[in-house]
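Asks: Each chain, written out:
Protein chains: 2
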Amino acid sequence: MNNFDGLLEKIAQCSMKKLAVAVAQDDAVIEAVRAAKDRKIADAILVGDADKIKEVAASINTDISDFEIVDVKDNTEAALTAVKLVHDGKADMYMKGLIDTKGFLKSVLDKEVGLRTGKPLSHVALFEIEGYEKMMFLTDVAFIPYPTLEDKVGIINNTVEVAHACGIECPKVAPVAAVEVVNPKMPATVEAAELAKMNDEGKITGCIVDGPLSMDLAIDPEAARHKGATNRKIVGDADVIVFPDIHAGNLVYKTLVHTANVKNGCILTGTKAPVILTSRSDSFETKVNSIALAAIVAEELSK
Amino acid sequence: MNNFDGLLEKIAQCSMKKLAVAVAQDDAVIEAVRAAKDRKIADAILVGDADKIKEVAASINTDISDFEIVDVKDNTEAALTAVKLVHDGKADMYMKGLIDTKGFLKSVLDKEVGLRTGKPLSHVALFEIEGYEKMMFLTDVAFIPYPTLEDKVGIINNTVEVAHACGIECPKVAPVAAVEVVNPKMPATVEAAELAKMNDEGKITGCIVDGPLSMDLAIDPEAARHKGATNRKIVGDADVIVFPDIHAGNLVYKTLVHTANVKNGCILTGTKAPVILTSRSDSFETKVNSIALAAIVAEELSK
Chain Z
-6 MNNFDGLLEK
4 IAQCSMKKLA
14 VAVAQDDAVI
24 EAVRAAKDRK
34 IADAILVGDA
44 DKIKEVAASI
54 NTDISDFEIV
64 DVKDNTEAAL
74 TAVKLVHDGK
84 ADMYMKGLID
94 TKGFLKSVLD
104 KEVGLRTGKP
114 LSHVALFEIE
124 GYEKMMFLTD
134 VAFIPYPTLE
144 DKVGIINNTV
154 EVAHACGIEC
164 PKVAPVAAVE
174 VVNPKMPATV
184 EAAELAKMND
194 EGKITGCIVD
204 GPLSMDLAID
214 PEAARHKGAT
224 NRKIVGDADV
234 IVFPDIHAGN
244 LVYKTLVHTA
254 NVKNGCILTG
264 TKAPVILTSR
274 SDSFETKVNS
284 IALAAIVAEE
294 LSK
Chain C
-6 MNNFDGLLEK
4 IAQCSMKKLA
14 VAVAQDDAVI
24 EAVRAAKDRK
34 IADAILVGDA
44 DKIKEVAASI
54 NTDISDFEIV
64 DVKDNTEAAL
74 TAVKLVHDGK
84 ADMYMKGLID
94 TKGFLKSVLD
104 KEVGLRTGKP
114 LSHVALFEIE
124 GYEKMMFLTD
134 VAFIPYPTLE
144 DKVGIINNTV
154 EVAHACGIEC
164 PKVAPVAAVE
174 VVNPKMPATV
184 EAAELAKMND
194 EGKITGCIVD
204 GPLSMDLAID
214 PEAARHKGAT
224 NRKIVGDADV
234 IVFPDIHAGN
244 LVYKTLVHTA
254 NVKNGCILTG
264 TKAPVILTSR
274 SDSFETKVNS
284 IALAAIVAEE
294 LSK
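Line order of the protein sequences matches chains Z and C.
Oh and the first sequence: position 83 is 76 in our numbering, straight run, nothing missing.
Oh and the second sequence: position 123 is 116 in our numbering, straight run, nothing missing.
What the hints contain is simulated information worked out from the structure, not anything from laboratory work.
Incorrect hints may have been included.
The list treats identical chains as one, so a pair stands whether inside a single copy or across any two.
[Claimed, not checked] Calculated pairs, BS3-like style, for lysine-lysine (alpha carbon to alpha carbon, straight line, at most 27 Å): (1) K178 <-> K127; (2) K190 <-> K127; (3) K104 <-> K165; (4) K47 <-> K3; (5) K104 <-> K256; (6) K256 <-> K127; (7) K220 <-> K45; (8) K190 <-> K77; (9) K104 <-> K30; (10) K95 <-> K220; (11) K77 <-> K112; (12) K77 <-> K165; (13) K265 <-> K33; (14) K45 <-> K104; (15) K220 <-> K256; (16) K30 <-> K226; (17) K196 <-> K45; (18) K33 <-> K104; (19) K45 <-> K296; (20) K95 <-> K178; (21) K30 <-> K256; (22) K165 <-> K45; (23) K296 <-> K83; (24) K178 <-> K99; (25) K104 <-> K220; (26) K99 <-> K220.
On a predicted model such as this, the values are computed, not experimentally measured, just so you know.
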């Protein structure tokens, strides 16, 4: 599978998964869940102020009569109610509506009804990029600001699970940096080499890790050939890009979105069930793609 | 001027500038200086092993009979001879040939015949990006690993000079980060705000600095509108992107080169004359564009 159409085909073969939306009175979110249901990606339970949810749907001429609505006026309560639906197995994915990120994450991490697993939480963005043959996972571009080596192990483990769910049996994981050689003055390169070593030693499994890699060696086979990088495990064919920190990750992520021809979707991982935390600036298609990515991961977790 | 064609038109109106090439026996460099001369961007003096220079030129069927060749067999000596030509005003720009970066930079920084100014050296990459209306300067993506606040001031000053040379009277400078708000836990955002303040106070001049900015606010007018960023000085119309560190800068740079539709060229700045330090993995067009960028800057310095 090397594009979002492939992802949708795979989803079509599974039983339809269900989203629980926290504080669902948000026009962009209602639009996205409507499209997700129409495209048979996922159904949704809308938790929030029922009157406002109907009002917002009417204001954008969207029929939501076929969605289950759970009426909870208070936002904090609505989030806890929605996340509990996922916690209890009544829904398969959890999605943020008109609630601030902090309050939403508090519900995700709630000790009683939340989705904690003990694993670190991390964010993964899946990209289909015109001119790149594979789907590309970028991580972490939005959640962990300055990941430690241990965090990066968690990030890789979380992302490899998502890649497996997407049908990539042994993803190639590239911890990237400005240069492809270890430079003791650049901690990102030292940690990248350490991650590759942990992979060699069987401490990181289910994938191939090669680092440090510069971006061209990671994603451009021709550049890799040109640089004579024949002894590397990744030669321009990376599936997963692991960034040194959130600045590098987020700046690359947004550069791709705003300059290249791409499709993308994002989820939060390391949780019991996939969590969708799109921002208002994400496009409609990105929101729908995020639901699709979550559905694929939910299917894998249900096995 | 918003593309490389505009740059070339501007160059056509100036007197032809001259490159001094250090250790010129390099096929890719000879190809680039040949094209630069044919396109009337710049002439060149080839310093290095004359026999080898002629041999390499012959091996790629390139006529170099109209270039001045200075025969110096030893690489270190050749670099010092070439840089002295620039130092003495016999050439206008200095270019790296078949010599390692370290040895080349040593000649740039040579106290007697080098190109020191007392200003910090920094790297700037100029991009023409399909879909972005302006030329975009990225800095520093290749030279200063972890710039301090003081370094960033130097980087901005160097880059603003280059932007002025390119005809951009008051460039909009965006120190970018993962987020567009100051977060005390993210030093890059604190420094970005500090740079904007220094600009307000007249300590950084000739430009408008606004930061911290996320990449979408810096380069996407629609995203800036969508986020309601109307009170910012930069709303998706940045000319200069200043990166938190070399990882962020280099990863964005290579992502652009390998996924978007771009033209680009790079020079080293902060020197008496522009320095061209392309790498073997740079494309032929990038090398020629780098010479063009250097020529524009050399013209400005000659005034």
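Asks: Hint by hint, note whether the structure agrees.
Replies: Structure-based check of all given hints:
1. For the homomeric pair K178 and K127, neither the shortest alpha-carbon distance inside one copy (33 Å) nor that between copies (35 Å) is at most 27 Å.
2. In this assembly of identical chains, the alpha carbons of K190 and K127 lie at most 27 Å apart only when taken from the same copy (25 Å versus 43 Å across copies).
3. Taking the shortest Cα distances, K104 and K165 never come within 27 Å of each other, neither inside one copy (34 Å) nor across copies (47 Å).
4. Proximity of K47 to K3 under the C-alpha cut-off of 27 Å is found in neither arrangement, the shortest distances being 32 Å within a copy and 60 Å between copies.
5. In the homo-oligomer, the alpha carbons of K104 and K256 never lie at most 27 Å apart, since the shortest distance is 35 Å inside one protomer and 52 Å across protomers.
6. In the homo-oligomer, the alpha carbons of K256 and K127 lie at most 27 Å apart both inside one protomer (12 Å) and across protomers (24 Å), since each shortest distance falls under that limit.
7. Taking the shortest Cα distances, K220 and K45 sit within 27 Å of each other only across copies (23 Å), while inside one copy they are farther apart (58 Å).
8. Taking identical chains as interchangeable, the C-alpha atoms of K190 and K77 are never at most 27 Å apart, the minima being 40 Å within one chain and 46 Å between chains.
9. For the homomeric pair K104 and K30, neither the shortest alpha-carbon distance inside one copy (31 Å) nor that between copies (70 Å) is at most 27 Å.
10. When the C-alpha separation of K95 and K220 is checked against a cutoff of 27 Å, the pair qualifies only between copies, where the shortest distance is 19 Å, while the shortest distance within a copy is 45 Å.
11. Only within a single protomer do K77 and K112 lie at most 27 Å apart by alpha-carbon distance; the minimum there is 19 Å, versus 60 Å between protomers.
12. For a Cα distance limit of 27 Å, the shortest separation of K77 from K165 qualifies neither inside one copy, at 35 Å, nor across copies, at 48 Å.
13. Taking the shortest alpha-carbon separations for K265 and K33, only the intra-copy value of 23 Å comes in at or below 27 Å, while the best inter-copy value is 63 Å.
14. In the homo-oligomer, the alpha carbons of K45 and K104 never lie at most 27 Å apart, since the shortest distance is 29 Å inside one protomer and 72 Å across protomers.
15. In this assembly of identical chains, the alpha carbons of K220 and K256 lie at most 27 Å apart only when taken from different copies (21 Å versus 29 Å within one copy).
16. In this homomeric assembly, K30 and K226 never come within 27 Å of each other (Cα to Cα): the closest approach is 41 Å inside a single copy and 41 Å across copies.
17. Taking CA atoms no more than 27 Å apart as the test, K196 paired with K45 passes in neither setting, with 50 Å inside one copy and 51 Å between copies.
18. Neither within a single protomer nor between protomers do K33 and K104 lie at most 27 Å apart by alpha-carbon distance, with minima of 32 Å and 70 Å respectively.
19. Taking the closest pair of Cα atoms, K45 and K296 never come within 27 Å of each other, the shortest separation being 36 Å inside a single copy and 66 Å across copies.
20. In the homo-oligomer, the alpha carbons of K95 and K178 lie at most 27 Å apart only across protomers (16 Å), although the nearest pairing inside one protomer, at 35 Å, exceeds that limit.
21. Proximity of K30 to K256 under the C-alpha cut-off of 27 Å is restricted to the intra-copy arrangement: shortest distance 19 Å within a copy versus 42 Å between copies.
22. Taking CA atoms no more than 27 Å apart as the test, K165 paired with K45 passes in neither setting, with 46 Å inside one copy and 42 Å between copies.
23. Proximity of K296 and K83 under a CA criterion of 27 Å is satisfied intra-copy only: 16 Å inside one chain copy versus 74 Å between copies.
24. Taking the closest pair of Cα atoms, K178 and K99 come within 27 Å of each other only across two copies (20 Å); inside a single copy the shortest separation is 37 Å, beyond that limit.
25. Taking identical chains as interchangeable, the C-alpha atoms of K104 and K220 are never at most 27 Å apart, the minima being 50 Å within one chain and 33 Å between chains.
26. Taking the shortest Cα distances, K99 and K220 sit within 27 Å of each other only across copies (24 Å), while inside one copy they are farther apart (47 Å).
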